[in-house]
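Residue numbers (the numbering used here), protein chains in the order written: chain A, 512 to 665; chain B, 512 to 665; chain C, 512 to 665; chain D, 512 to 665.
In case anyone wonders, no lab produced these hints; they're calculated from the structure.
Any given hint might turn out to be false.
Copies of one chain are not kept apart here, so a pair can be met inside one copy or by any two copies together.
As the list claims (entries may be wrong) - Derived lysine-lysine pairs resembling BS3-like cross-links, with alpha carbons at most 25 Å apart: (1) K658 / K603; (2) K603 / K527; (3) K527 / K658; (4) K658 / K643; (5) K601 / K536; (6) K528 / K603; (7) K603 / K536.
Protein chains: 4
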Amino acid sequence: LSRYPFIEPDMETWAKKFRFYTEIKVRFSETDALGHLNNVNYFAYFEQGRLEYLEHLGLLNILLDRNSETMPVTANLECHYIAQVYFNEKLKVGVRVNQIGRSSMELHYIIYIPARDLIAAVGRGTIVNINKNTGKSTPIPDSIREKIGQFEMM
Amino acid sequence: LSRYPFIEPDMETWAKKFRFYTEIKVRFSETDALGHLNNVNYFAYFEQGRLEYLEHLGLLNILLDRNSETMPVTANLECHYIAQVYFNEKLKVGVRVNQIGRSSMELHYIIYIPARDLIAAVGRGTIVNINKNTGKSTPIPDSIREKIGQFEMM
Amino acid sequence: LSRYPFIEPDMETWAKKFRFYTEIKVRFSETDALGHLNNVNYFAYFEQGRLEYLEHLGLLNILLDRNSETMPVTANLECHYIAQVYFNEKLKVGVRVNQIGRSSMELHYIIYIPARDLIAAVGRGTIVNINKNTGKSTPIPDSIREKIGQFEMM
Amino acid sequence: LSRYPFIEPDMETWAKKFRFYTEIKVRFSETDALGHLNNVNYFAYFEQGRLEYLEHLGLLNILLDRNSETMPVTANLECHYIAQVYFNEKLKVGVRVNQIGRSSMELHYIIYIPARDLIAAVGRGTIVNINKNTGKSTPIPDSIREKIGQFEMM
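Just chain A, same shape as in the assembly (with noise of 0.2 Å):
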């Protein structure tokens, strides 16, 4: 049984399943007087690794676009340690999309220690497309759903 209610079937079946990943290097800014890297920059490296996910789709202009009408906005995020990472550690940052609903879609991250055959860090969050006027949420356009789910062949 997982500890983890997202991660199935299992750690590593789910961890099988990324099919996009970017290499990040700590660095030392990023360490804390505990002497490992920060529990806060984790998330960090989900963010970075989530725009490079959508970079890599070609979906990052429509994010980052003052001009749009509409804009996904992050509603949640998680993160479960396993292991420390240390200053100058390289690793591989996954993302995938999970699921798409009308106006949300549901990420997972991983964060790997290929020196070390370790994953380090698993995680999950909420992003929510909406209306910058009104704030609410909004569908997902056709083409978004499309070229993730062609992505991730879903």
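Start from chain A and add chains B, C and D according to the hints.
For chains B, C and D alone, kept in the frame of chain A given last:
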């Protein structure tokens, strides 16, 4: 019904349970290109709140003591974003221990904006007491359990 | 003789010239694996102090106004580290305009630790007013020059 | 004539002196509400470059060795901002030792954007070798002096 399973029985009642708050002002370097407080830094505020909570109870030295055989580590963290936060806003970050188990504690977090009478974010996370040598979970000392129990009136 | 050319006539006299201070508390996420405040974050404190200084003089809106044709940009920054700073220390960050030229200003910075009666760092930097379209330097408006001149009694 | 006293004899010649570069990609969490790389984070890149330079020369362990009686500390840092840098840009951060004294070294820094063939920033800083117990400066060991001298062909 609450959208966040850990908020009970409802947001208003839940928010009143916090007995410890610290003040945090948003730094410019903590904003991002979307013009608001970067998602990542909410977790820096949770962390700062958590450590000041422990300090308030006289437990911070135990946490940062390099000679101790045990130390509490963050097992997981999650944040639900409710309202955007901007540069220079003054926030109240609330922290409480919701539950203490044998070797772990569940903490709850709230970020409140007094000037706008608004809850900006809510969160939770688990801390586990581990043995530094074995890396395995180890019982939380009774002295800590009592101090927290008294403060939280559990 | 001073080790830092911009400190005149001596550190003690120089330190007394500051008329604006803001308080900053060191966050845990701002420490690093050497156990102290990371070198980088002194500049985050300078920046926060600089913006609160401008806010105090009613000049912050001009800086952050997206519709303005001009904006002040940071041309350079330097910091001289005198004492190590630790987690949770309360600092006073002083900022003053040392000199105003046609299109640029020189700001001075000090980071002081009241509880230890210690200067932790001193610094300076140049801000240049530029035209957003051409990127070229442009005169600082008289209204700003006057407000700063009055505040600093220059 | 150079605007920066440490750039000699001119920017082009100075820029060619760097023998060590590392690659850094701008993270979204490192941008700010002005839409570009926050001024503070240039110093995080200098620091990352400095540590990777020392690692490249086999000197990093000495720096991070908790049992060593001496350690190098950053005495000062400065950055001159030349061009704005944006999210996801790939940078080359160059580091070199410009001068070695008895107990201190002067390092130079350059941040270059290959895709735009542009120097984004230049900088310098002093590192001082200190005795951890007394806090006083202490001679740089000959072995370090030689390794750096060889690498920089000084």
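Hint-by-hint comparison with the structure:
no. : hint        : result
1   : K658 / K603 : within (23 Å within a copy, 33 Å between copies)
2   : K603 / K527 : within (13 Å within a copy, 33 Å between copies)
3   : K527 / K658 : within (21 Å within a copy, 44 Å between copies)
4   : K658 / K643 : within (23 Å within a copy, 37 Å between copies)
5   : K601 / K536 : both (4 Å within a copy, 13 Å between copies)
6   : K528 / K603 : within (14 Å within a copy, 33 Å between copies)
7   : K603 / K536 : both (9 Å within a copy, 14 Å between copies)
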